[in-house]
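Q: Each chain, written out:
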Amino acid sequence: MVTTTTRAWEAAAAVTDPELPMLTLADLGVLAGVEESGDAVTAWLTPTYSGCPAVAEMAADVDARLREAGYTDVTVRLRLDPPWSTDLISDEGRRKLAEAGIAPPAAGGPPPGGVLRLGPTRRAVTCPQCGSTDTEELSRFGSTACKALWRCRSCREPFDRIKEI
Amino acid sequence: MTDDHVYLTLSEAGPEPEGEARWAYGTGFADPLLGVDTALPDGVEGADLAAYCQMLGDDALVLSQRLIEWCTRAPELEEEVALANLGLDLLGQARRLLTRAGQADGSGRTEDDLAYWREDHEFRNVRLVEVPNGDFAHTVARILAFATARQALYQRLVHHADPVLAAVAAAGTKELAYHREWAQEWLLRLGDGTPYSHERMQAGLDAVWPLLDELFTPHPVELRLGTDPAALREPVLALLADDIAEATLTVPDAAPLAYVGGRAGRDGVHTEDLGPLLAELQVVARAHPGATW
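Just so you know, the protein sequences line up as chains P and U, in that order.
Heads up, the first sequence is in the numbering used here, so the first residue is 1 and it goes up one at a time.
Heads up, the second sequence is in the numbering used here, so the first residue is 1001 and it goes up one at a time.
Please note that the accuracy of each hint is not assured.
Ranges between beta-carbon positions, derived for each pair [stated by the list, open to error]:
# : chain 1 : residue 1 : chain 2 : residue 2 : range
1 : U       : 1078      : P       : 14        : 44 to 50 Å
2 : P       : 95        : U       : 1250      : 47 to 53 Å
3 : P       : 131       : U       : 1269      : 55 to 61 Å
4 : U       : 1228      : P       : 129       : 36 to 42 Å
5 : U       : 1038      : P       : 39        : 25 to 31 Å
6 : P       : 129       : U       : 1257      : 47 to 53 Å
Please keep in mind that the hints were generated in silico from the structure rather than gathered at the bench.
Quantities reported herein were computed from a predicted structural model and do not represent experimental measurements.
Idealized CB from N, CA, C, for every residue including glycine.
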């Protein structure tokens, strides 16, 4: 049950991601719900990747922010079902990522698997620095679990890209 | 807390108000199943579920440790980052599964209790994940086989009666798709590369193949839980055969690695390679029991 209008939601939603500080947990779709009852509040988080090392820190930040907002009985819980998907990143979140030089993920989740064939497999990814679509993937794995490393062939700049999951 | 960013906040000197949770360690947020409803569903025996979660969790933990051994050893920086990322995903899955195991059997053991304080004969991983890395092609072959089999398993486990196991599988299957894709790309690049890379990649497949049988051999616990891995044998081997053919390689014709009196990894019977791996994994926890930071 996602309630987006309460004061508690506003407080929790403003917490930023420790690895992507330009995004709030609400932008990222990690804040799965906030329930409020008097001075008691419960916030649910859905971790991005199973091994995301930032979960504990996010939970601590949400806890602290809710206490600052005046709640004395604060519980932070994880919600694993349904799993996080890059489709949960809001339009606002995608805009902020691009502004920060990180290419946002495409909508619709990851491309289907199957047998890998030789041949062009390029996705159309726009360079967040110069806007060119003449870009290439350097590695599907980058500085954090959720990012891939790309390079723009026009402006020659490398950039991160959130990969679909 | 004056700053949005916890790293910056931490660097500010000053006393911390008692009870304020502003940093992860020691604040009770280390539980990877924090606040998840962990009641056992009807019809699922806690001891069986715990044993099964240990099997899958140990697979992920031990393979994660092997992959991390590639740090500072990989042929390219990008591949080192890739292997570390795969290891991190598996570690995350292992943490959830081992935590679930400790809850399900009622022992209250934590993920750390299970990872650091069991002996090698108490680990329930298949031998595929514990043998040494070998060369890069051997690692590619192992990841391809493991990711393909584990993804097929998780795709079935998303419907399991235990909602925690189902949720772990639902998240894990999306991660394993990237593992499989990474291994497929290298299989293709090495297999359909030069005669020498082809030879090395084939040798990697040949080395891994005898270890696959265990992935599809049911343990009584799996049969009781309705998760017979024998059903995976045909579809997984078919996927692997397609990949191998595309890479101009040959599916090895190899007998399974011998069992010991019918027992192997799922029963705690391991190769001599697991002990040294665990020694490295466990040394810090055992040197400083109960340490926190």
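Q: Run every hint past the structure and note whether it holds.
A: Results of checking the hints against the structure:
no.	hint	result
1	1078/U x 14/P: 44 to 50 Å	36 Å, violated
2	95/P x 1250/U: 47 to 53 Å	50 Å, holds
3	131/P x 1269/U: 55 to 61 Å	59 Å, holds
4	1228/U x 129/P: 36 to 42 Å	52 Å, violated
5	1038/U x 39/P: 25 to 31 Å	26 Å, holds
6	129/P x 1257/U: 47 to 53 Å	51 Å, holds
Comparing the model with each numbered hint stated earlier shows that hints 1 and 4 do not hold.
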